[in-house]
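Line by line, the protein sequences give chains A and B. Using this note's numbering, read the first sequence as starting at 1 and increasing by one per residue. Using this note's numbering, read the second sequence as starting at 1 and increasing by one per residue.
Among the hints, a few may not be true.
What the hints assert, rightly or not - Covered stretches of chain A (chain B as the covering partner; in silico rule of three or more C-beta atoms under 8 Å from a C-beta of chain B):
1. 29-36
2. 74-88
3. 105-118
4. 135-147
5. 152-165
Unchecked claim - Mimicking DSS-like on lysine-lysine, the simulated pairs with C-alpha atoms at most 27 Å apart in a straight line are:
6. A:Lys-85 <-> B:Lys-71
7. B:Lys-85 <-> B:Lys-71
8. B:Lys-6 <-> A:Lys-90
9. B:Lys-71 <-> B:Lys-88
10. A:Lys-90 <-> B:Lys-131
11. B:Lys-131 <-> A:Lys-85
12. A:Lys-168 <-> B:Lys-6
It should be emphasised that the hints constitute simulated quantities derived from the structure, not laboratory data. For glycine and all other residues, C-beta sits at the position ideal for the given N, C-alpha and C.
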Amino acid sequence: MQRSVTVAAAALFCLAVVTLGGCASMPEDAFQLAPTSLQERRIQSRNYATSDDAMLLRAGAGVLQDLGYAIDESNVALGVLSASKRIDAKDVGQIATALIVSALTGSPTPIDTEQTVRVCLVMNRSLADPATSVARITIQREIVNDRGQVARAEPIDEPEIYQAFFAKLSKATFLEANEI
Amino acid sequence: MKTGLKLLGWVLIAGFVSAGCASKPPTNIMSGPSQVQLRSYQTRAFDTTDRTTMLRSVIATLQDLGFVIDKADEDLGAITATKLKGYKIRMTVVVRPRGETQLLVRANAHYNLEPIEDPRPYQDFFAALGKGVFLTAHNVD
């Protein structure tokens with residue numbers, strides 16, 4: 001008797017933790033500038049020696065199209081271009097692990113199937129030198145698993161990815177990308 | 001028998017606990033929290049009339065905070081952006097003139113599926129924006 005009550009209480013506690021986890025409160029620093037925000041800005045930005053930011057935006061649209069992105073939003077007056085693409089997120093290693101876990105536990109383990117990558121390119125005139133444009137891109141992705149649940153939602157921070165984009169933008173504009 | 005009743009009790013309690021997260025009835029489409037107080041949290045006035053520069057500053061601030069811009073409309077003065085970091089925040093910022101000398105900036109945001117009604121995140125956002133535009137954000141009554 002005593003035992004069944006303990007088990008029920010434990011089950012209720014677990015349920016409460018799981019349900020409340022679903023409405024977890026927002027992290028306090030979500031709207032605060034991170035100590036690393038300057039570093040991130042440097043990784044995500046390049047200076048171009050031109051005041052023609054519309055030309056840079058057009059070139060950026062071309063580069064993103066070459067990479068298979070679809071343009072979602074563009075506003076030349078504000079210097080904004082947003083694009084996205086949906087690509088395969090299957091990972092052989094993860095599938096193998098999921099198979100082993102499923103075989104051991106007897107219950108199927110979800111695997112990542114698809115990801116949506118979103119890129120936003122913003123052009124600004126440099127405050128220090130009006131003849132220079134500053135291009136900044138931010139990238140994020142959302143990975144969905146085979147149950148249709150969002151498995152991961154995260155920013156892309158790898159500097160190599162940003163370098164690769166700016167290298168292509170430089171090639172398209174015949175302009176050198178300078179670090180800010 | 002007694003155990004059965006007790007179990008039923010636990011199930012009911014569990015039901016109430018999870019009801020807090022249950023999907024809300026469609027009445028929420030045209031209603032929300034107390035508008036007046038919320039609007040004052042979400043709004044600041046800035047001593048400038050340069051709307052385009054303010055909109056560009058909003059975009060730059062959102063990028064600094066890790067957002068990706070979804071929509072930018074210069075005519076309406078509206079910017080919508082999303083931040084993904086293990087959670088999803090969707091935010092809209094609208095800039096419009098206030099009198100002859102000021103601009104009014106209003107922000108509203110959702111954290112996952114819940115509207116953000118706590119004043120703190122908005123204070124943080126306007127503090128970051130104020131730094132970007134080198135202007136003081138005034139509270140609006």
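Evaluation of the provided hints:
1. 29-36: holds (count 5)
2. 74-88: Per the Cβ count (6), the hint holds.
3. 105-118: violated (count 1)
4. 135-147: holds (count 6)
5. 152-165: holds (count 4)
6. A:Lys-85 <-> B:Lys-71: Holds: Lys-85 (chain A) and Lys-71 (chain B) sit about 16 Å apart, inside 27 Å.
7. B:Lys-85 <-> B:Lys-71: holds, 19 Å
8. B:Lys-6 <-> A:Lys-90: violated, 46 Å
9. B:Lys-71 <-> B:Lys-88: holds, 16 Å
10. A:Lys-90 <-> B:Lys-131: violated, 42 Å
11. B:Lys-131 <-> A:Lys-85: violated, 34 Å
12. A:Lys-168 <-> B:Lys-6: violated, 67 Å
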